[in-house]
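*Asks:* Here is what each chain is made of, one letter per residue.
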Amino acid sequence: MFKFFSSTNIYLLIQRLIKFINSIFFLILIIGLTFALVLSPPDYLQGDAVRIMYVHVPSAWIALACFSVITLLSVLNFIFKIKNFYFINKSIAPIGLLFTCLAIVTGSLWGQPTWGTWWAWDARLTSMIALMLFYILYILTFKFLSKEELIIKISSIIAIIGSINLPIIKYSVEWWTTLHQPASIKITGSSSIHPEMLLPLMVMLLVFLLYAALIFLMKYKTEIIRIKKKNIKRY
Amino acid sequence: MISNFITMNGYGLYVWLSFSVVFISCVVVYVKTKKTLRKYEQEFLAELQNLTLEEKNKALANSKIAQQILATNFKAN
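Line by line, the protein sequences are chains A and B. Sequential numbering from 1 applies to the first sequence in my numbering. Sequential numbering from 1001 applies to the second sequence in my numbering.
Isolated chain A, as found in the complex (with noise of 0.2 Å):
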């Protein structure tokens, strides 16, 4: 069992899933953008605007989800102990803060035309201004910090401190009146989203998904390379 999570099977395993994600990547972008530009209907009171969803919600969605995983891990590393993490966090991190700021970005961008606002300091858009700066703070201890022990311990509690905004972010448009409206995709109840909406926007969620995961394997290999490059002459 321990020895499948090897660095060497762990780095043959990458290797295989970037090559996979490779291959059938373009043909699930093509369909969504298809899906996206062309093929699902203008919403009725946003008209056309309301594409801009298709690329504005699985951001924010990975956003909050990659830091959801490095506050697990980083809780999980402090119990265990185990080094693993810590590189899988610093190699997801950049990736969230990417997502956090497209959010933001594609969100003034469909501000604009629904709320005739770039940019309202309500509840769900300053919680995800505050995710972005977790996010920056976060990768400023890898890039500042020498001691790993040190930035293990100050990472982490970074991480710890800002999942106390995962549920403002969340529950934002509800505990407070906001611009923003509130959820339409339930995981629990009914969504009020029409499903030729829905469909397009599962496909550019598995597209995000897909480029995601392709970025954190590119950057998890560099990180296997760099311990290997250090310990090269212990073989």
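Just so you know, not all the hints are guaranteed correct.
Claimed, not checked - To be clear about the criterion: a stretch of chain B counts as covered by chain A if any three or more of its residues have a C-beta under 8 Å from a C-beta of chain A, and this derived list gives those stretches: (1) 1008 to 1015; (2) 1019 to 1032; (3) 1039 to 1050.
Unchecked claim - Lysine-lysine pairs mimicking BS3-like chemistry, simulated, CA-CA at most 30 Å apart: (4) B:Lys-1032 / A:Lys-153; (5) B:Lys-1039 / A:Lys-153; (6) A:Lys-153 / A:Lys-83; (7) B:Lys-1039 / A:Lys-83; (8) B:Lys-1064 / A:Lys-81; (9) A:Lys-153 / B:Lys-1034; (10) A:Lys-81 / A:Lys-147; (11) A:Lys-19 / B:Lys-1034; (12) B:Lys-1035 / A:Lys-19; (13) B:Lys-1035 / A:Lys-229; (14) B:Lys-1056 / A:Lys-230; (15) A:Lys-81 / A:Lys-153; (16) A:Lys-143 / A:Lys-153; (17) A:Lys-19 / A:Lys-230; (18) B:Lys-1056 / A:Lys-83; (19) A:Lys-19 / B:Lys-1064; (20) A:Lys-229 / B:Lys-1032; (21) A:Lys-83 / B:Lys-1032; (22) B:Lys-1064 / A:Lys-83; (23) B:Lys-1032 / A:Lys-143; (24) A:Lys-81 / A:Lys-229; (25) B:Lys-1039 / A:Lys-229; (26) B:Lys-1056 / A:Lys-19; (27) A:Lys-147 / A:Lys-229; (28) B:Lys-1056 / A:Lys-229; (29) B:Lys-1032 / B:Lys-1064.
Hints in this document: simulated from the structure, not taken from any laboratory. Cβ atoms here follow ideal geometry from the backbone N, Cα and C, with glycine treated the same way.
Given the coordinates of chain A, assemble chain B onto it according to the supplied hints.
*Replies:* Frame of chain A; chain B shown alone:
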């Protein structure tokens, strides 16, 4: 129909700008990540070249990762 697709019934600027920002950012991050990976592979190979022949053979025999990096680099060149 094509002009409707481009103008998106008046929302073209916002829709195309959103998709472009996402596309360009993703391409930039992909290229940057790939470059960094390549840089580390090159550095690993350079380190391998600095070893004595005996150390090098030992490293290649004991590390599948070293073999893989060498093979990838061989293919790329």
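*Asks:* Now tell me if each hint is right for this structure.
*Replies:* Here's how the hints hold up against the structure:
{"no.": "1", "hint": "1008 to 1015", "in the structure": "holds (count 7)"}
{"no.": "2", "hint": "1019 to 1032", "in the structure": "holds (count 7)"}
{"no.": "3", "hint": "1039 to 1050", "in the structure": "holds (count 6)"}
{"no.": "4", "hint": "B:Lys-1032 / A:Lys-153", "in the structure": "28 Å, holds"}
{"no.": "5", "hint": "B:Lys-1039 / A:Lys-153", "in the structure": "29 Å, holds"}
{"no.": "6", "hint": "A:Lys-153 / A:Lys-83", "in the structure": "12 Å, holds"}
{"no.": "7", "hint": "B:Lys-1039 / A:Lys-83", "in the structure": "24 Å, holds"}
{"no.": "8", "hint": "B:Lys-1064 / A:Lys-81", "in the structure": "26 Å, holds"}
{"no.": "9", "hint": "A:Lys-153 / B:Lys-1034", "in the structure": "29 Å, holds"}
{"no.": "10", "hint": "A:Lys-81 / A:Lys-147", "in the structure": "16 Å, holds"}
{"no.": "11", "hint": "A:Lys-19 / B:Lys-1034", "in the structure": "14 Å, holds"}
{"no.": "12", "hint": "B:Lys-1035 / A:Lys-19", "in the structure": "17 Å, holds"}
{"no.": "13", "hint": "B:Lys-1035 / A:Lys-229", "in the structure": "17 Å, holds"}
{"no.": "14", "hint": "B:Lys-1056 / A:Lys-230", "in the structure": "15 Å, holds"}
{"no.": "15", "hint": "A:Lys-81 / A:Lys-153", "in the structure": "11 Å, holds"}
{"no.": "16", "hint": "A:Lys-143 / A:Lys-153", "in the structure": "14 Å, holds"}
{"no.": "17", "hint": "A:Lys-19 / A:Lys-230", "in the structure": "26 Å, holds"}
{"no.": "18", "hint": "B:Lys-1056 / A:Lys-83", "in the structure": "28 Å, holds"}
{"no.": "19", "hint": "A:Lys-19 / B:Lys-1064", "in the structure": "18 Å, holds"}
{"no.": "20", "hint": "A:Lys-229 / B:Lys-1032", "in the structure": "20 Å, holds"}
{"no.": "21", "hint": "A:Lys-83 / B:Lys-1032", "in the structure": "25 Å, holds"}
{"no.": "22", "hint": "B:Lys-1064 / A:Lys-83", "in the structure": "21 Å, holds"}
{"no.": "23", "hint": "B:Lys-1032 / A:Lys-143", "in the structure": "16 Å, holds"}
{"no.": "24", "hint": "A:Lys-81 / A:Lys-229", "in the structure": "23 Å, holds"}
{"no.": "25", "hint": "B:Lys-1039 / A:Lys-229", "in the structure": "12 Å, holds"}
{"no.": "26", "hint": "B:Lys-1056 / A:Lys-19", "in the structure": "28 Å, holds"}
{"no.": "27", "hint": "A:Lys-147 / A:Lys-229", "in the structure": "18 Å, holds"}
{"no.": "28", "hint": "B:Lys-1056 / A:Lys-229", "in the structure": "13 Å, holds"}
{"no.": "29", "hint": "B:Lys-1032 / B:Lys-1064", "in the structure": "26 Å, holds"}
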